[in-house]
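Input sequences plus hints: build the corresponding full structure.
Okay, here's what each chain looks like letter by letter:
Protein chains: 2
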Amino acid sequence: MLTLYQDPRSGNCYKVVLTAAHLGMPLKTVDIDVVSGFTRKPDFLAKNPNGRVPTLEFEDGRTLPESNAIIWYLAEGSNLIPEDRFARAQMLQWMFFEQYSHEPYIAVARFWMVFAPKEKLREKEHLIPDWHARGNAALAVMEGHLRTHDWFAGGRYSLADIALFAYTHCAEEGGFDLKKYAAVARWLARVAATKNFVPMGKLS
Amino acid sequence: MLTLYQDPRSGNCYKVVLTAAHLGMPLKTVDIDVVSGFTRKPDFLAKNPNGRVPTLEFEDGRTLPESNAIIWYLAEGSNLIPEDRFARAQMLQWMFFEQYSHEPYIAVARFWMVFAPKEKLREKEHLIPDWHARGNAALAVMEGHLRTHDWFAGGRYSLADIALFAYTHCAEEGGFDLKKYAAVARWLARVAATKNFVPMGKLS
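Chains as they are written, first to last, in the working numbering: chain A, 35 to 238; chain B, 35 to 238.
Nothing false has been slipped in among the hints.
20 Å max Cα-Cα, derived SDA-like pairs, lysine to any residue:
(1) A:Lys75 x B:His179
(2) A:Lys214 x A:Ser135
(3) A:Lys81 x B:Trp185
(4) B:Lys75 x A:Glu177
(5) A:Lys75 x B:Ala171
Over the 10 Å line for every Cβ pair with chain A, so calculated as not near, a few chain B residues:
(6) Leu57
(7) Phe145
(8) Pro163
(9) Ala167
Not the full set, but computed from the structure, chain B residues with beta-carbon under 7 Å of chain A:
(10) Pro83
(11) Asn84
(12) Leu98
(13) Pro99
(14) Glu100
(15) Asn102
(16) Ala103
(17) Trp106
(18) Tyr107
(19) Ala123
(20) Leu126
(21) Gln127
(22) Phe130
(23) Tyr134
(24) Val175
(25) Gly178
Note that these hints are calculated values from the structure, not bench results. All C-beta atoms in this analysis are idealised placements derived from N, C-alpha and C, irrespective of residue type, glycine included.
The following block contains the structure:
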């Protein structure tokens, strides 16, 4: 069985859990508190030299980091990846958008405001207005797309929806107001109604 | 023919040019000065609501943004994408690493130090130490991999090498010292010796 090293509060890890659940794929999970610094210790760096979760481990010891590469691996050949070449590229377009224009502001604001020690937040507080401006710009791009589309690529639920759902559904924890994005809110409800959907976890 | 909207000084655009050249694929290019603000104007936002280059335009008017999604589209079915499922996921792993852990520091430092108006750089100058720390961390991860591998995925030249070459080969313009990364330097020379390789362009 595949093993997922994860912090269940991390949206990047949640993507993997959502994908495996949708596909009915069993997954062993090992929970890690990212705030503890565990992912920067030598044992974990041997699994992922970039020191991050999620990291997927195969039975033969091979490992695969990067949330969007992991969900691609799990979903190959399934209906979570469009068969049409252009739609498949559009799915990847939104997955790269998520990692470049969305996660660094929406996930990072949530991390510092909810999970980081309060004295550390004080060092970062001056960055919050920029995170909010750029995160709202990403939400506005999503809103524009979702006003005329039910899903992000290929006319159906795909990895692009999973990647963008992970940190959008909990964006309010980072100080974003989702009431301003009506089409995004309707899409969040559509994702939550998909087959085998599971809510985000908690650290045990 | 496909049309590429690009700033030829941008590594993200250079990835598309390198991929098309390797594949012997003709490409019409339209040069844009990103510093001019052109990509934030309504005509361009209709092509890419996220207001960035590269953006690829098809003859029927469809458009595709995000450098790594564009090169995926161009290279489907070619030897730039590994046939093995795990190697293909590893290629994507390095492409997501490039957009999340490499480009935001190495490309951004170069942009502000080389292309941005000098008075604007002054507003960003306090960020340079952080860009250099995180960019050097990314280069160290690459160095670790390249000490024992000639290429990033699948044992041969792939889109992962193209994505990482684009801003690594000009990292010194952003104040990074590539002499500290001997395996990276040897890999840069291997990429520059690949079939149909073209150097990065200039704004005409």
